[in-house]
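Enquirer: Here are the chains, one letter per residue:
2 protein chains.
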Amino acid sequence: MTSDRYREAGVDLTAAETTVERIGKAVRSTHDERVISEHGSFGGLFRLDTPEATETLVASSDGVGTKTKVATALGRYRGLGEDLVNHCLNDILTQGAEPLFFLDYLASSRLDPQVVEEVVAGIAAACRASGMPLLGGETAELPGVYRAGELDIVGTVVGRRAYPYLSQVRPARPGDRLLALASGGLQTNGFSLARTVLEGRYQQPFSGTTVGAALLAPHRSFLTAVRPLLTAGIPVGLAHVTGGGIPGNLPRALPPTVGARVHLGSWEVPEIFAEIERQGAVPPADMRAVFNLGVGFIVVCPAERIGEARKRCPEPLSEIGEVVAAPGVRFV
Amino acid sequence: MTSDRYREAGVDLTAAETTVERIGKAVRSTHDERVISEHGSFGGLFRLDTPEATETLVASSDGVGTKTKVATALGRYRGLGEDLVNHCLNDILTQGAEPLFFLDYLASSRLDPQVVEEVVAGIAAACRASGMPLLGGETAELPGVYRAGELDIVGTVVGRRAYPYLSQVRPARPGDRLLALASGGLQTNGFSLARTVLEGRYQQPFSGTTVGAALLAPHRSFLTAVRPLLTAGIPVGLAHVTGGGIPGNLPRALPPTVGARVHLGSWEVPEIFAEIERQGAVPPADMRAVFNLGVGFIVVCPAERIGEARKRCPEPLSEIGEVVAAPGVRFV
Numbered sequence: 001m002t003s004d005r006y007r008e009a010g011v012d013l014t015a016a017e018t019t020v021e022r023i024g025k026a027v028r029s030t031h032d033e034r035v036i037s038e039h040g041s042f043g044g045l046f047r048l049d050t051p052e053a054t055e056t057l058v059a060s061s062d063g064v065g066t067k068t069k070v071a072t073a074l075g076r077y078r079g080l081g082e083d084l085v086n087h088c089l090n091d092i093l094t095q096g097a098e099p100l101f102f103l104d105y106l107a108s109s110r111l112d113p114q115v116v117e118e119v120v121a122g123i124a125a126a127c128r129a130s131g132m133p134l135l136g137g138e139t140a141e142l143p144g145v146y147r148a149g150e151l152d153i154v155g156t157v158v159g160r161r162a163y164p165y166l167s168q169v170r171p172a173r174p175g176d177r178l179l180a181l182a183s184g185g186l187q188t189n190g191f192s193l194a195r196t197v198l199e200g201r202y203q204q205p206f207s208g209t210t211v212g213a214a215l216l217a218p219h220r221s222f223l224t225a226v227r228p229l230l231t232a233g234i235p236v237g238l239a240h241v242t243g244g245g246i247p248g249n250l251p252r253a254l255p256p257t258v259g260a261r262v263h264l265g266s267w268e269v270p271e272i273f274a275e276i277e278r279q280g281a282v283p284p285a286d287m288r289a290v291f292n293l294g295v296g297f298i299v300v301c302p303a304e305r306i307g308e309a310r311k312r313c314p315e316p317l318s319e320i321g322e323v324v325a326a327p328g329v330r331f332v
Numbered sequence: 333m334t335s336d337r338y339r340e341a342g343v344d345l346t347a348a349e350t351t352v353e354r355i356g357k358a359v360r361s362t363h364d365e366r367v368i369s370e371h372g373s374f375g376g377l378f379r380l381d382t383p384e385a386t387e388t389l390v391a392s393s394d395g396v397g398t399k400t401k402v403a404t405a406l407g408r409y410r411g412l413g414e415d416l417v418n419h420c421l422n423d424i425l426t427q428g429a430e431p432l433f434f435l436d437y438l439a440s441s442r443l444d445p446q447v448v449e450e451v452v453a454g455i456a457a458a459c460r461a462s463g464m465p466l467l468g469g470e471t472a473e474l475p476g477v478y479r480a481g482e483l484d485i486v487g488t489v490v491g492r493r494a495y496p497y498l499s500q501v502r503p504a505r506p507g508d509r510l511l512a513l514a515s516g517g518l519q520t521n522g523f524s525l526a527r528t529v530l531e532g533r534y535q536q537p538f539s540g541t542t543v544g545a546a547l548l549a550p551h552r553s554f555l556t557a558v559r560p561l562l563t564a565g566i567p568v569g570l571a572h573v574t575g576g577g578i579p580g581n582l583p584r585a586l587p588p589t590v591g592a593r594v595h596l597g598s599w600e601v602p603e604i605f606a607e608i609e610r611q612g613a614v615p616p617a618d619m620r621a622v623f624n625l626g627v628g629f630i631v632v633c634p635a636e637r638i639g640e641a642r643k644r645c646p647e648p649l650s651e652i653g654e655v656v657a658a659p660g661v662r663f664v
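Residue numbers (our numbering), protein chains in the order written: chain A, 1 to 332; chain B, 333 to 664.
Worth flagging that the hints you see were computed from the coordinates, not collected in a lab.
In silico contact screen, one side only, chain A against chain B (beta carbon under 7 Å); selected entries: (1) Thr30; (2) Ala59; (3) Leu134.
Remember, predicted model here, so these are calculated numbers, not experimental data. Every residue, glycine too, gets a C-beta built ideally from N, C-alpha and C.
Okay, chain A solo, but in the shape it has when bound (with noise of 0.2 Å):
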């Protein structure tokens, strides 16, 4: 999980290995038994014993990134509760969990209220869409820490392994279908880059709308759309695609003895990733590895499954490839 998050963040991994080994021997200090996450999982594992009954917990805490200085930029908040709502809550769905609670932090170099507000409303609207209580959190004013008129969120969400899968049906094995649930834009990832190139741009009209908006587009829950699927016990892997893009975060679904094939031009692309490749001259294969690029949710089918998924699934599922015996993910 440790390198994951430097990966995540962007870190030269070769420069800091020793001291990623050390952190992430740190952390696994802190393990016992009833620690039970894989390798690489988007939410922590852990075995919640009593003496009636073994549950399971799973748990993710993240951030909306730099998505919050375009929110900044256009003075429009809301969506950032909801964004970071979602992004947790399909984080620990790739665990097969149903959420339990939320809860939050909000911190900034001074706290406007009305900001306040408008974050923690987009957080109860996207909490109370999935049926989970936003059970505590906190504010924190911390001038010097802050750029002023800036702000961080950060969100965590508990839920509980309510499904069988992957190790539980079967792992993904190779003739698997990639069956891809549509992002509808950035999510909240690659906007350190989004930003660079887009910058001072916001306003533009865009697509029926403008580039901030477009920008803005809210971090979707795939909870609905995949619970149906959980429920028959038909994924044999599930996988957020976040930061890192497919290449990063479809491994992560997959046992590490095999590997995908993506099939470029199986899906939607929205413009938007268009806009900035063209704007910013990003090759192909860069954009691959910062943006969801349209994909935000891959779900790991097996290849008879698939009209089942279908016709259980509430939202277009498009196949986007295959798993293969070579690891690693293959743009073709």
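Knowing the structure of chain A, use the given hints to seat chain B on it.
Expert: Using the frame of chain A, we list chain B on its own:
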């Protein structure tokens, strides 16, 4: 809980009242019968019903305020990790909870692997000391959000209510005594004021150490001290003395109909507080409203069980006052 968030952050409640009300309303709109937190509680309580059993989970997210600024000024980061864990841990301890697991978030304008390593080492050490795995976390590099060289850290603890107390034993009532556990320093609160007064003097010798080192004295965990009291069902209220000092936190451990009288001089006030008061010419009432003044945690104890409490507790308990019929906290 929402108004506590504001109070701790020092927001003017009079001005922001309607916004605060709207935020509270948004938070409550997500609640259902599974949320069983008492008003103003330090941690959120969630009832987890499974076919086999019912567990009460207790969770809290928090940061360490601008203590990070003192740490960055001195280049000493390890303590921040311990501060973070123990602050969260003590919050849920007030609910009679044993910790289950912890998650962390660390963000900065630029991630310095060395700094991350030190912070995580501190988090891991404090997690090990409380028998709680560091289940997951996130590290984010957010240029343009944080000031150069500054960082924020956020922790989330999840525990389970393992002991009956308060409503389950009986509510606190006039005549109950206040037993204090020593903080040994500022813990993680009051740093905005402390820094204003002492900035630039961190290297100066002070009381066998330096001003900076005295400010960075770790936030203690009270788990080991309080656990044997909870096991014996002694406490009828527990308060973690954080932002807002004793007047801001002790009432959260009491029914709204009663209050407390605190005897000044009945416990040892660490020298760093006298130094802040003197150097900043801070009025005593302000000192009491901002700092813990050496009282890290308060156990509200039936008078007849004080002897037993002292015998069971592995560290000294100072009797600093009693519960009285009139609401509010009065220092005498």
